[in-house]
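**Student:** Chains as they are written, first to last, in this note's numbering: chain F, 63 to 689; chain E, 110 to 397.
None of these hints come from the bench; they were simulated from the model. One should not assume that every hint holds.
[To be verified] Each computed DSS-like pair below joins lysine-lysine, with the alpha-carbon atoms no more than 25 Å apart:
1) K397/E <-> K90/F
2) K386/E <-> K343/E
3) K276/F <-> K90/F
4) K532/F <-> K127/E
[Unchecked claim] Some chain E residues close to chain F (C-beta under 8 Å, calculated; not the full set):
5) G135
6) G245
7) S342
8) W380
9) P391
Note that this is a predicted model, so its numbers are computed, not measured. The beta-carbon is built from N, C-alpha and C at its ideal position, and this holds for glycine as well.
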Amino acid sequence: MIVNNVKLLVGGVQLRDGVTTVTDILGKMFVRAGLHVLAMEKGYASTIYGAHQYDPMVISDRPPLSYGDDQSDILVALEYDTNPDAPGQPNRDTILRHGKNVRDGGVLLYDSTTGVVDTADLEARGIKVFPLPARQIAQRELKREVVKNTVVTGALLRVLEFDMDYALFGAYLDERFGRKGKEIVELNMEAVRRGRVVIEQILAANKWDGCNFKLVPQKVDGADLLVNGNDALGMAAILAGCRYYAGYPITPASAILEFMERHLPRYGGRALQGQNERESIRAALGAAITGVRSAIGSSGPGISLKVEEFGVAGVAEVPLVIIDTQRAGPSTGMPTKPEQGDLAMSIFSGHGEIPRIVLAAGTVEECYTLAFEAFDLADKYQCPVFLLSDLTLADGRKNLPEKYFTDNRRPVTRHGLVREAELKNDGYRRYTLTESGISPRNVPGIAGGIFKMSGSEHDEAGMVTTDPPKRKAMFEKRMRKMQTYLKEDVKPPQVFGTPDGVPLLVGWGSTKLPLLDAQARLRAEGTETCALHFTHLWPFPVHLVRPLLQRGSTVIVVEQNYSGQLADLIQQECVIETRRILKYNGRPYYTSDITGGVRQLLANGTRVVRVGDRAPAAVLETVPEGD
Amino acid sequence: MSAVAANVKIWEQNATPKHRIQWCPGCGDFGVLAGLKMALTRLELVPHEVLLVGGIGCSGQIRNYLNGNAFHGTHGGALAYALGAKMANPDLTVITLAGDGDTLAIGIENFVHVCRRDPQVTLIIMNNGVYGLTKGQDSPTAGLGQPHEEYTEEHPPFVDPLRLALTCGASFIAQSFSGDPKHSAEIYAEAFRHPGFAVVDDFSPCVTYNKFNSYDWYKEHAEHVPAGHDATSKTAAWALLDDFDRRGKLPLGVVYRDERRRKAHTRLPIWDEELAKADPAPMFKLFK
Chain F
63 MIVNNVKLLV GGVQLRDGVT TVTDILGKMF VRAGLHVLAM EKGYASTIYG AHQYDPMVIS
123 DRPPLSYGDD QSDILVALEY DTNPDAPGQP NRDTILRHGK NVRDGGVLLY DSTTGVVDTA
183 DLEARGIKVF PLPARQIAQR ELKREVVKNT VVTGALLRVL EFDMDYALFG AYLDERFGRK
243 GKEIVELNME AVRRGRVVIE QILAANKWDG CNFKLVPQKV DGADLLVNGN DALGMAAILA
303 GCRYYAGYPI TPASAILEFM ERHLPRYGGR ALQGQNERES IRAALGAAIT GVRSAIGSSG
363 PGISLKVEEF GVAGVAEVPL VIIDTQRAGP STGMPTKPEQ GDLAMSIFSG HGEIPRIVLA
423 AGTVEECYTL AFEAFDLADK YQCPVFLLSD LTLADGRKNL PEKYFTDNRR PVTRHGLVRE
483 AELKNDGYRR YTLTESGISP RNVPGIAGGI FKMSGSEHDE AGMVTTDPPK RKAMFEKRMR
543 KMQTYLKEDV KPPQVFGTPD GVPLLVGWGS TKLPLLDAQA RLRAEGTETC ALHFTHLWPF
603 PVHLVRPLLQ RGSTVIVVEQ NYSGQLADLI QQECVIETRR ILKYNGRPYY TSDITGGVRQ
663 LLANGTRVVR VGDRAPAAVL ETVPEGD
Chain E
110 MSAVAANVKI WEQNATPKHR IQWCPGCGDF GVLAGLKMAL TRLELVPHEV LLVGGIGCSG
170 QIRNYLNGNA FHGTHGGALA YALGAKMANP DLTVITLAGD GDTLAIGIEN FVHVCRRDPQ
230 VTLIIMNNGV YGLTKGQDSP TAGLGQPHEE YTEEHPPFVD PLRLALTCGA SFIAQSFSGD
290 PKHSAEIYAE AFRHPGFAVV DDFSPCVTYN KFNSYDWYKE HAEHVPAGHD ATSKTAAWAL
350 LDDFDRRGKL PLGVVYRDER RRKAHTRLPI WDEELAKADP APMFKLFK
């Protein structure tokens, strides 16, 4: 019997089958029962209807280290129709895609409305198969097709031996449908029972005791929140004092815009859906110059369109938080697939050179904490601050106690914003040269302080100039802010383990969890490593990173892009050779990608391992001698 | 010195001194500057409550030639910055000053949608038919008044900002001529007071690169909107434009004016004490 440790994968046809309806209900119930939920690899398509969708979820009584590999314990296939390519046969899409990854001794539950699927190969591996005509039960017996997912939920609760008295499910129904009337609640209750009956019948017919899985509720002190990275970011932005947000619909950043449109007005703020990516960032800059904490959010293609404005923000010294929930590029790329390909763009995009700060979240928690930091840094340094997230974080859900959010809330302090009393008449200069590079910032509407701000080169008063000494002084003032940042605010990479003499596993972004999981697995195999996770990527803290990297035996950078953008950055800044594990096939990193890659790198002189085929494939890249 | 003249001086502080202004002698933009100072003085506005957003080009420099807060970013971006600033702080008088290229070519995406959004922002298009600062290339308003029988992709017919604004739903549409700053000042003042987006197309001759649309040419072709014109009627506005076109004339004055019903907004919170009290409970509740 496996208790409180299961990976469930629900698959089906997008929009039609209600994959996330099932995982949303179950996720809420598990969290309310005090269990931990980690669902980081929501697989969906860049079309609305008809493509395959799947949503794996790890459920455990301890916070799971990561979502692991592409294996699952329990597979649920919701397709109820016939195979579009072979009419007369049931649609087996989910079973074909994920059946091979179900662990021996696991469970397959599928909708058998259009017929029974031949699953002999799975049964041979000890997998218990439950054909469940969920749609048929809903349509014919309960006369409401829409409750088919409730039938599946009922069956799953039985498989998981969870909430067998329906206390949690009943409470959920009351909350969700209570206002719509008793009948809907009862209909769903009946549907959940019907699902269970089918499972009981199959168990009895096969003389099985159960499915070998059990979820036991844990003691709870107030239910946790089940949030994804976008939710965490949105909440943090509002609590950090962001009162103007602009975006343009783009996957996977749209959810932040929708969140802000819904919530910002309640906190006295405004959210704008721009008519294009440029209107969004320009309006956000306009709001920022009036003193409002302002942010924009987009993903790769949208960020590309905004590049010219980064220069404006840099030279005119307008604080702006730029959220980039990265997805697979270049160009339109794969809009609903994860990648970490925008690091170089965040650091280097645009003509000329500007001061800018680049942060990257590695977990849902860091989406929350770094958002506070991003707004503070933007205020203090009056420059664009990039906050990188990625699709895995944007859509990946996990539970966190409410206390986490309240404990990590930072009070809002408006650095450097000049108040009326501090302004001396006639003496105010928007770009006063200072040692730190930071000039006191005023807002329009206050007597005694008039500003002239410009993306053209300017003097201290903001008047346009091309005078060489003035240009030099102003350029240096702007860039000096980055020296101040490196002295006062930069943070070193998080270090897990002791770096001395062992291989260093270096990562950024959502690879953090699989990286730590891989470290634990390698340790169990007898290979000690040290993991380094970067959150503060630019300006690059060479003084903190180089000494750390020099202590390891070799530097292995694990990234979800083709070239190894962090690895290049480390080589450029620290002049230390890096080796790379790279994945860019549109799937998140699985722990085995990293363990396999590390084994290969350590076994031979390989510099780059490109993973993402079934087995990690090594590419031996020739190293130019003496170059 | 009269009181009015003294007050005009306020608009010359925190600005490039007159003798340092870098426009060609005779540039129409001098007329716009004079009209602006008159209008700002007449309305008794104070510089620290004014935000001037300049476009890229000769015209955009005007933001530094008079007092008031000023912002200047990308080519074509002026209206969108103005939109964000006004949304954030409705107490500011926001004036966008940009050329015809900035507004109707590279920035037309903003022009079209800001007409729809209708923020209380004034746009003065300093229209001269050329890209002056890059030495005289055709702008989208090039060809005004010139007989043209055949067009090519390279040289299409000109854009009429008034007709475009009317189509896009602007709520105040007027035209002025920098050769008559007194009249311009009246139009600007009305635009600043209009509780919505006000477009003023100002003919501001480029004496260096547009030899065709000269002061004399404008004087010959411009004509005031007749006193009886019903500016609140869209039908009357179209009819007026058609009538002037037929006669080969350019209307000066308010062509269309319609106050939209709007939801009032206050300044967005910015200070620590305004932001400290945010209660996260309603957001937390969503995720339980």
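**Student:** Against this structure, judge whether each hint is valid.
**Tutor:** Going through the hints against the structure:
1. Using a Cα cut-off of 25 Å, the hinted pair K397/E and K90/F holds, with the two alpha carbons roughly 7 Å apart.
2. This hinted pair does not check out: K386/E and K343/E have alpha carbons roughly 47 Å apart, beyond 25 Å.
3. A threshold of 25 Å between alpha carbons decides the hint, and for K276/F with K90/F the separation of about 17 Å falls inside it, so the pair holds.
4. Among the hinted pairs, K532/F with K127/E is consistent with the structure: their alpha-carbon atoms are about 22 Å apart, no more than 25 Å.
5. The interface hint given for G135/E is violated, since its Cβ lies 22 Å from the closest Cβ of chain F, which is over the 8 Å cut-off.
6. Interface hint at G245/E: violated, since its Cβ lies 21 Å from the closest Cβ of chain F, which is beyond the 8 Å cut-off.
7. Because the smallest distance between the Cβ of S342/E and any Cβ of chain F comes to about 28 Å, over 8 Å, the interface hint for this residue is violated.
8. Interface restraint check for W380/E: the shortest CB-CB distance to chain F comes to about 7 Å, inside 8 Å, so the restraint holds.
9. Look at P391/E: its Cβ gets to within about 7 Å of chain F, closer than 8 Å, so that hint holds up.
Hint compliance for this structure: hints 2, 5, 6, 7 are broken, all remaining hints hold.
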